[in-house]
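> Chains as they are written, first to last, in this note's numbering: chain F, 11 to 153; chain X, 11 to 153.
Mixed in with the good hints, there may be bad ones.
Given that identical chains are not distinguished, each listed pair holds provided it fits within a single copy or across any two copies.
Subject to a maximum C-alpha distance of 20 Å in a straight line, what follows is the list of computed EDC-like cross-link-like pairs (lysine to aspartate or glutamate) [as the list claims (entries may be wrong)]:
#1 LYS60 / GLU75
#2 LYS105 / GLU119
#3 LYS105 / GLU22
#4 LYS105 / GLU83
Please keep in mind that the hints were generated in silico from the structure rather than gathered at the bench.
2 protein chains.
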Amino acid sequence: MRLSHLEKTCQEKGLRMTTQRRVIARVLSVSEDHPNIEEVYKRIQQVDPKISLATIYRTLRLFQEEHILKRHEFGDGIARYENASVEHHHHLIDKGTGQIIEFYDDRIETLQQEIAKSLGYELVGHRLELYGVPLTKDKKKKS
Amino acid sequence: MRLSHLEKTCQEKGLRMTTQRRVIARVLSVSEDHPNIEEVYKRIQQVDPKISLATIYRTLRLFQEEHILKRHEFGDGIARYENASVEHHHHLIDKGTGQIIEFYDDRIETLQQEIAKSLGYELVGHRLELYGVPLTKDKKKKS
DNA sequence: CTAGCTGCAAAGAGTTTGCAACTGT
DNA sequence: ACAGTTGCAAACTCTTTGCAGCTAG
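Kindly produce the complete structure, drawing on both the sequences and the hints.
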């Protein structure tokens, strides 16, 4: 059987591949959104209902420490995960629907580096989230 | 006795001013950092050890809802508060010491507006945090 | 006077952990 | 074989809440 992208990454890192980890890796490999633990648990249960929540917590933490997954916390304080292999980007969260839109802008990146440097720091990480509401036609016209 | 800045704000908003709220408002008025609840509790206890943690939670939430305080969560997921009357700014967190440096940059603000608009959204909020390590002399020279 | 606030202790949400049984390598 | 992993339930941390008594306006 074909290995999922995340399973392959796990192997490269020399992680012991248990049934549970395989399932978790596969489920997250095909996830293109930003599920929280509860959501991950639900998806896992569709595949193997015997996997416990504790294992999911442990595995997601492990994957995060191994930089296989990225952990986010958007506003609500609930941990959400996404595949770390996707290229660097930020998130715009729709305040109404909660929908998450990914974006990347080079100018922001450069500016952040610059700001950090001017404060006497080397930038080692950053977090940027925009919260917005859809532009109405009216507002679009005005602008 | 002179009212603290935050006490005044509370009165303007028509909040009932209990002893506890006064103490909490005063302690936060003189705080120029970003204390978490535990830290706020400690400071409160120096002034009036009988004020309960529950009251502090309730009051900080109230103050936040009234836009008297701003709540932040930097990386660690612990709520931190700061006086909302300070002007808009972002934070650079020193990864080594945890020290928090405030900064403001107009170009970032403009860029964010622009990005949101280009995605079809009106920007209603944002969060930006930089994480850095102090530049060493070496690195300073190189740059 | 009384609506709203407080302190206490108990409950809740989300997450971690101790331990005995189990399993990948 | 055996170090590392799992499932379970209990523990933990941070935060909220029910309730009886208290207090600002």
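> Would you pick out the hints that fail for this structure and give their numbers low to high?
1, 3
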